[in-house]
Amino acid sequence: MRNKFLSAAVVLAFLAVLAAVPHVFGRFTVYLAIRVMLLGIFALGYNLLLGQTGLLSFGHGAFYAAGAYGLGFFWFHLSPHPLLGIVVGILAAAALALLIGFFCVRHTEIYFAMLTLAFGMMVFSLIWNAREITGGDDGLVGIMRDPITFFGLGKIPIGKDAQYYYLVLVFFALSVWVVHRIRISPFGLVLAGIRENARRTEFAGVPIRNYRLAVFVISGAFAGLAGSLEAMLESNARPFMAHWSHSADPVLVSLLGGLHTLAGPLVGSLLFVAMREIVQRFTENWMLWFGIVLLVIILGFRGGVVGVMQDLFRRFGAAREG
Amino acid sequence: MQSVVHVCLAGLSSGMFIWLVASGLTLIFGVLGVLNFAHGSFYMLGAYFCFTVLRHLGTNFWLGLVLGPLFVCAAGFVLERFFLRRVYHLALPYQLLLTFAFVLIFDNLVKIVWGAGSLSPPGLDILGGSVPIVGRKFPVYNLFIIAVGPLVAIGLWGFLERTWWGRIIRAASSDREMASALGVRVPVLFTSVFVFGCWLGAIGGGLAVPYVGLLTSGMGDTIIIEAFIVAVIGGLGSLKGAFTGALIIGVLSAFGTRYFPTFDMFLIFILMAAVLLWRPQGLFGEAR
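Protein chains in written order, with the working numbering: chain A, -10 to 311; chain B, 13 to 300.
Hints are computed from structural coordinates only; laboratory data are not their basis.
Since no wrong hints were added, every one of them can be taken at face value.
Pulled a few chain A residues facing chain B out of the computed Cβ check, cut under 10 angstroms: (1) F47; (2) A107; (3) F108; (4) E121; (5) L244; (6) E273; (7) W278.
All C-beta atoms, glycine included, are put in the ideal place defined by N, C-alpha and C.
So here's chain A without its partners, still in its complex pose (with noise of 0.2 angstroms):
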């Protein structure tokens, strides 16, 4: 019971932090704080597929673009409600990764990185070539913040970076608890058991592959919430979105952070961010840097940093009771 109330008290002071930062810091840094809660929610559910099944997918940008565009099309097209938009985005991404998932999921492993890189990159070369419909490499521009309406009851603006902040932060919030539940749901616990050990899992009269597309479908859902928000961020949808390049940057931050725990995608995103920012101050070569951090990341610090901080604890508790 006291652990509960524990766990409540860290979590609203979290909330509380983060509800104050437009407060106090200027706007690049609200700007960035953005930027790191909408990597949050797309790791977030990336890691429900590497972390918790154990599937690595090289295609998650083409879900993030289909948020994005989904928006897109939405606003250009029907309204500019900023939260039908998004509802729209994720149903988009969905839709796409049920299309996309019901192939990748026949395969496990080395055949399902690969699929999944080839068919993210079907979607990049559709948007790309596709000009007349999706802008090609320009990309749909001038998306616009129109206030929340609540049916003439009255409205938010969120057009300032400072207004929009309280609207990503509700969603990061939302989808912390949500995907938080669904890593302690049955559903989750069935997802761990296909990441240990496939084979049992079936046998213990799972479905496997159901639950795997299910999953898939869940993650892509998550990557179109953080594109169609990043859509209104920069006013617009870019075809760079769906690249390779943009689905690795989730796996990195997973690695970063540690694939086991809800906490690590959410630190590796905050380093990811804070990282990109001081290196490209530097240097234009970002990729050699991401490149040289992934691999020392696995050859040494797997569990990531959130692993390598329980590690810590748990050594520094150890040495205090013994």
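Starting from the known structure of chain A, arrange chain B on it as the hints suggest.
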């Protein structure tokens, strides 16, 4: 009719480059059990090193084609001996991600060493000119490429099926532990096969120098994705599948580019989806 023949020939010649990359990828997968994401980067490095040799040692293309890939083999040796070898005992995603890290590193290094823009190689007059085929001109060099592909395939087949080395490679690929117990030095074999696979990819890159006309730091990414699609269609680990798949993809994408430029990649993906539904293990893959 005339244009159909020419589109087919163009597709065959671009398919041969995919085959050269896919053959090394397949060989490495068959023996080491590792999918090498960085294989497209070796193709790219092959092209760049060949270009550099040409620039410094005059324009003898054949000399470039012999010397250039040697540098790539050195890079491949370092990758396998000092990095990949440390992760064989880990879960598959880590092996994939390790080679993926090298894609990022190689792509960026190429930008640092050779500049971010694209390079155009010096005019090479090897096998220049063109011959008339069904009333239209076709470059001699492309015909040469169409001949090289099958020669490499026959050479590989002969090497694997008819030589002592080939027997050892086949033995290690079908049962690693048994081969090791019989006295095969598996680590040395792994390094050799990896370097040989890199050499095949690099030769592909070197041959591409006069063909593509422009070298870009993204040229490896395109071809590795095509090689992956080939592996899915032909069946991962099967050289026969890689050869057939590469020809199909080459010809199909040539038709796509010629007749449906907006959806050129789309045809390939429809084919891939169809193969996945019909024969999930690929055309020549073994059923699991």
